[in-house]
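Numbering (UniProt numbering), first residue to last: 1 to 259.
Please note: incorrect hints may appear among the correct ones.
Label-pair restraints from in silico Cβ distances [what the hints assert, rightly or not]:
id	residue 1	residue 2	range
1	Glu-193	Gly-90	24 to 34 Å
2	Ala-105	Thr-243	19 to 29 Å
3	Ser-209	Thr-112	44 to 54 Å
4	Ala-255	Thr-112	46 to 56 Å
5	Ala-255	Ile-146	37 to 47 Å
6	Gly-225	Lys-114	22 to 32 Å
7	Ala-217	Arg-149	18 to 28 Å
Pairs of lysine to aspartate or glutamate, DMTMM-like flavour, derived with a Cα cap of 25 Å [unchecked claim]:
id	residue 1	residue 2
8	Lys-98	Asp-226
9	Lys-207	Asp-244
10	Lys-207	Glu-245
11	Lys-80	Asp-151
12	Lys-114	Glu-94
13	Lys-207	Glu-224
14	Lys-124	Glu-231
15	Lys-80	Glu-94
16	Lys-207	Glu-178
17	Lys-80	Glu-231
18	Lys-124	Glu-193
19	Lys-98	Glu-245
20	Lys-98	Asp-151
21	Lys-124	Asp-151
22	Lys-207	Glu-181
23	Lys-207	Asp-226
24	Lys-114	Asp-151
25	Lys-124	Asp-233
Bear in mind the hints are in silico, worked out from the structure with no lab data behind them. Here a beta-carbon is modelled for each residue, glycine too, at the ideal position from N, C-alpha and C.
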Amino acid sequence: MRSEIRRSLWSVIGQPIPIRFSVHVADGACRHCVPDMGIKARIHGVRPDHRMSKLGTSQIYHQGDGSGLDCIELPVIVGKNLRRIRLRQGLSLERLAKQSGVSRAMLGQIETGKSTPTIGLLWKICTSLTVPFASLIAVGDPEGIIVLRRDGSKLLSSNQGRFTSRALFPFDSERRTEFYELRLAPLYCENAEAHAAGTRENLVVAKGSVEIAVGSARPTTLSEGDAMLFEADVPHAYRNLGTDEAVLYLVMTYAQMIG
């Protein structure tokens, strides 16, 4: 699947304006039913890309007030963040390549903003560096009270909207904890890859009945109001057992942050 990251648009005053971050994935169900698939990312403007209407997609939406424009290339943001984190950990490109399994040439292209890496590739790098995925796309470091309006949320969606994950925290800086609202369509199963060692997921079911599969362990059934904590450094999956939409709230905690 061809993919490219076009650009990320931000207002002059530092508030995000509408963008859509699309990640192409093949249609599929639970990880127990289909093999892992490569994922690539692309950013579009606000208008829908009708050429993707027949594809399963995973997308991030961010809508703001749209006042004023300033263009920042997302590959440049990712590249600068990766280089900063790598140097703060005292790693050479060769060392990071060895421990992440990503070639030195590719890492160099990412750091210079010349490459469009797959989401899977960025996850490998984050896992190797033991940092949250959000740290690679962080912009700025706001202080004080931050209000996240629903119409300004970053929304990750897969398989034509059958699964959505709304970020309830700002992608502004490196952080140890991330908070999400998850929604699953009736009878749908969403698979997730293993996260960095020591990563934990703590979730509570707000609506419906779901089944959580973690690694090779026997799946656990949760009803409305039930909570679950598990180590997320193994493949895992969320399955909606009901005929109505299921809603969960998830807190993801990373074991270590770079100093």
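Now for the hints, and whether the structure bears them out:
no.	hint	result
1	Glu-193 / Gly-90: 24 to 34 Å	27 Å, holds
2	Ala-105 / Thr-243: 19 to 29 Å	50 Å, violated
3	Ser-209 / Thr-112: 44 to 54 Å	48 Å, holds
4	Ala-255 / Thr-112: 46 to 56 Å	30 Å, violated
5	Ala-255 / Ile-146: 37 to 47 Å	25 Å, violated
6	Gly-225 / Lys-114: 22 to 32 Å	49 Å, violated
7	Ala-217 / Arg-149: 18 to 28 Å	38 Å, violated
8	Lys-98 / Asp-226	42 Å, violated
9	Lys-207 / Asp-244	9 Å, holds
10	Lys-207 / Glu-245	8 Å, holds
11	Lys-80 / Asp-151	29 Å, violated
12	Lys-114 / Glu-94	18 Å, holds
13	Lys-207 / Glu-224	5 Å, holds
14	Lys-124 / Glu-231	17 Å, holds
15	Lys-80 / Glu-94	18 Å, holds
16	Lys-207 / Glu-178	21 Å, holds
17	Lys-80 / Glu-231	30 Å, violated
18	Lys-124 / Glu-193	10 Å, holds
19	Lys-98 / Glu-245	43 Å, violated
20	Lys-98 / Asp-151	42 Å, violated
21	Lys-124 / Asp-151	31 Å, violated
22	Lys-207 / Glu-181	11 Å, holds
23	Lys-207 / Asp-226	10 Å, holds
24	Lys-114 / Asp-151	32 Å, violated
25	Lys-124 / Asp-233	12 Å, holds
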